[in-house]
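As given, the protein sequences belong to chains A and B, one line each in that order.
Note that numbering that gives the first Met the number 0 gives residue 194 to position 195 of the first sequence, counting from 1, and the numbers run on in steps of one.
Note that numbering that gives the first Met the number 0 gives residue 228 to position 229 of the second sequence, counting from 1, and the numbers run on in steps of one.
Hints may be right or wrong, so weigh each one.
Listed next, the in silico BS3-like pairs over lysine-lysine satisfying Cα-Cα at most 30 Å (straight line) [what the hints assert, rightly or not]:
hint	chain 1	residue 1	chain 2	residue 2
1	B	LYS8	B	LYS29
2	A	LYS217	B	LYS143
3	A	LYS217	B	LYS61
4	A	LYS121	B	LYS61
The hints are simulated quantities; they were obtained by calculation from the structure and are not laboratory data.
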Amino acid sequence: MENQYLNSGDKNIGVEKSTPNILHKKNWKLKEKIFKIVLLFAGVTILLIIGGIILSLLFSSIPSLKKFGFSFIIGNEWDPVNEKYGALPFLIGTAMTGFLALLISLPFSFSISILLGEYFKKGLLSSFIKTMTELLAGIPSVIYGFWGLFFVVPIIRNVEMIFGAIPYGVGILTASIVLGIMIIPYSASIGREVLELVPNDLKEAAYSLGATRYEVIKTVSIPYSISGIIAGIILSLGRALGETMAVTMLIGNMNSIPENIFAPGQTIASIIANQFNEANNELHISAMIELGLLLLVMSAIINFLGKYIIKKLSVEG
Amino acid sequence: MEGTILTTKDLFVYYDTKCAVNNVNIEFQKNKITAIMGPSGCGKTTLLRCLNRIHELNPSAKVEGKILLHGEDLLAIDPILVRRKVGMVFQRPNPFPTMSIYDNVISGYKLNGIRLKKSEFDEIVEDSLKKAALWKEVQHDLHKRGTFLSGGQQQRLCIARALAMKPDVLLLDEPTSALDPISTSHIEELLVELKKTVTIIIVTHNLAQAGRISDYTSFMYLGELVEFGATDKVFTNPQNEQTERFLTGKFG
Ligand SMILES: Nc1ncnc2c1ncn2[C@@H]1O[C@H](COP(=O)(O)OP(=O)(O)O)[C@@H](O)[C@H]1O
Ligand SMILES: [Mg+2]
Chain A
0 MENQYLNSGD KNIGVEKSTP NILHKKNWKL KEKIFKIVLL FAGVTILLII
50 GGIILSLLFS SIPSLKKFGF SFIIGNEWDP VNEKYGALPF LIGTAMTGFL
100 ALLISLPFSF SISILLGEYF KKGLLSSFIK TMTELLAGIP SVIYGFWGLF
150 FVVPIIRNVE MIFGAIPYGV GILTASIVLG IMIIPYSASI GREVLELVPN
200 DLKEAAYSLG ATRYEVIKTV SIPYSISGII AGIILSLGRA LGETMAVTML
250 IGNMNSIPEN IFAPGQTIAS IIANQFNEAN NELHISAMIE LGLLLLVMSA
300 IINFLGKYII KKLSVEG
Chain B
0 MEGTILTTKD LFVYYDTKCA VNNVNIEFQK NKITAIMGPS GCGKTTLLRC
50 LNRIHELNPS AKVEGKILLH GEDLLAIDPI LVRRKVGMVF QRPNPFPTMS
100 IYDNVISGYK LNGIRLKKSE FDEIVEDSLK KAALWKEVQH DLHKRGTFLS
150 GGQQQRLCIA RALAMKPDVL LLDEPTSALD PISTSHIEEL LVELKKTVTI
200 IIVTHNLAQA GRISDYTSFM YLGELVEFGA TDKVFTNPQN EQTERFLTGK
250 FG
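Isolated chain B (complex conformation) (with noise of 0.2 Å):
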């Protein structure tokens, strides 16, 4: 279970000539949550959309340096099965609003084209539920559209959505700053919950958060990754000047 899973070498980020992440390396292991934090406009957002190549999206970002995932060079496999590998949850819960519960989970089956048997597709609906915890409040309205749910729930059905890629790892952009402090703890629960099967990279505003749930904490600072390392380690004893005062609230 121990290990490294998704390493970055040298990562530069450019967005035409400005540099938003600058030569960072970094190790993260498996079956963990990563928290990354920083101030904002620090690259947080920018570095987790390369470890699932939803960079290239934009036409203008570039990308220097290596990432390896399972030790294979993660920016020479096709971006597709990368992923379908790597899942993502965005900051605004976004369930497809054209689709049922149901079809939401499955979607990335659907989109690409996976037929199943109807009875795999129940099981994966299910599961998928399961694991994000919100089974138990859909099961009998899995045919209605996911929009009448509360940002809460659509949150954890945007993590069903992803978990049923069956993803090695998932990626968070800060997934609860847009809930209220209940939803917000059900999600944070759910993910210590699920670490046991896939690798967790969060990004997050929020100290307490990262605190309550990460293994791992790094520190992003204009661009650059200035501190990474066992959470309990960071939080009471930072190595870097810039963390120590965003760790006692001096700034963002």
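Chain A with its partners taken away, still in its complex shape (with noise of 0.2 Å):
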């Protein structure tokens, strides 16, 4: 007891010994040493998990980066029965989707955002359209993708037909479709939060010179949170890269490069999800982690793209 006090640092020895609660805090060194160990062991565990996962996709699939090499990414032939492997089908087709949904997803989130963030800020309608908006983030893919062939794909068979494309209903833009819809939650509450963000005497600011709430939104909020509202398109760019099941119900599942939106091809994660059951040769087995290994350096070159923007475009102050 005597030795911690002096060990604390805790140089009041003339203290009295009528008020010992206060000072005497037992053992607090040590038990402030486990808790950090605690903490720093799980931070440690986590580095491991992730050098594992990266490590061992690296290794499985060395079969596969010896035998095809470069060609692997730019082969346009996926043949299990021959033994071919080229990834650049569904390269394109992750490329093509990850864009269409982007593309749809945007318009939609860019807007709810605004209308959170700057019109209805608070009352019933702004808590119900969060909470909707909330809830589309939390239905299963499966259901997605349920919905998807029995709403979506009819309606894209008829528009199909119209263009006197072959009417598959499944492919790239009915995936891109639903895969749009499911990633406006992540990208419309980020931009909500920016946007609420900004400080409320810059607008005060630009409202006194007469603007108007549009002028407002359009040269003093947006352009103060244009690298957050950019930070949630890249993360929802990022969920809709890898997201697989309702991709691989609603795609078509067709091994080849995709002609046009309308036809049918394949995903990165939904290949992956088709065929990792019926692999059975080293090889195989080899070329789809060695997809996984692409997916995951997508995954990371986008997130890093992602924070080099928000730090060139931040605004510093």
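Got two chains here, each in a separate frame; can you build the complex from them with the hints?
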């Protein structure tokens, strides 16, 4: 006890014995140490897990990497029977669905951000729209896929007939529409949050120069929060790239490069979901793991790109 | 040059049911500086914000009574026009952080979608910054963002931004309370110079400041205007007991 007193650096030696309750903290140094170790352990574990995932993916893709090298990325044939594995159709499929989904979600998420971040900040309507948007994020992916099959597919089939395309119903566009709806809540909620962070006195300054609400939003609020808005869009793109279940149900699962947006195709996630069960030789498994690695790298690049943009655009002060 | 430019008649302002401005009748004189003083919470900011109708951004604020600008009912004109005629400078310097100094000065035009020639904008920028006594310091940095400026310079930039719209009246809400003494005296000198072209209404907590720069002083207490008159008269011979207490440093 006495020792701890001195070690703690507490030099109040003259303190009377009648007030020990405040100064006597039992074993606080030890507790502090244990607490820190527990936290550190969790942090290190996460690092190990991530490192382990990357390493095991890398290790397991060695056979495929060795056999195909760079041609894995530019090869446009995926033929397990003849042991030919080229990922280009899936890379293109992933890029197309991701981009289209973003395009479809953007007007909605942008409008909802502004609606909730600027127009209806409080009140019944606001919390109703907010809850509904959050609910959109909570719907399980398989339900989106199911809904897409029964409601979006017939509509797209009609559209395809009008345009004279082959009426598959399923395909890149169908998957993108559903995916676009799925990612609305992500960019919308981040957009709303960053718009709410725009300092009120900046908006008041703009209003007192005679600006209208639209002009304030356009000239002050959006420029101020643009990096956050972009962060939200990028986050939602990351989500779109990796989305598996709904896309697998709706994309048509064709292993060739899609000729147009109506054509069936395949994303990296959907081809893995389609074939991991039936893959039984080492090379096929290895090729799919390499696909997984590619998806991981793509997500990492997007993340990095997003952070870079945010850093460049961010407002100082 | 003489005469009344802005008048309030039986003005009441309520936040929901709370009365923040209680039956204020005041005549602001053209090309003069009028100081509004009083202990905090007495309704100075509320009164000021009615004069360019920025109070309407707060849905709970309700105004009763009349405000006349050049004899015209200010509450019946388009608020957007009112705000171009009656500019405002805030307590905390708030230049737009996403814009350059140049763009900040002409932000009123940009915001309102008013397009002018580059040469015309150049002229407005130079003229406004000179009026705000900031031109010499920033003329070589016009296209940098205003965020690197000192607090006092930022506040002068905000004054330039308001002046660029060529307002008739300039409202300032404790514009120097966040600034150091040197920046404060810069701004005081500037305001005295500015009253040649624009009517100035300034809320201030600082007695000495009101004494130094204002021509008229008004004193508010619990939402009421309890004293209004020429500054030297109010300072030397206040009619109201609360004013006297305030002037002798008994509160506030
Ligand atoms: N947005 C608001 N909502 C409700 N009450 C307010 C609001 N702003 C000010 N008030 C109240 O109105 C009164 C006057 O405030 P204000 O005009 O800010 O005084 P001052 O600027 O003189 O300090 C205060 O009692 C304050 O609490
Ligand atoms: Mg105030």
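Hint by hint, here is what the structure shows:
| no. | hint | result |
| --- | --- | --- |
| 1 | B:LYS8 - B:LYS29 | holds (17 Å) |
| 2 | A:LYS217 - B:LYS143 | holds (21 Å) |
| 3 | A:LYS217 - B:LYS61 | holds (28 Å) |
| 4 | A:LYS121 - B:LYS61 | holds (19 Å) |
Hint violations for this structure: none, all hints satisfied.
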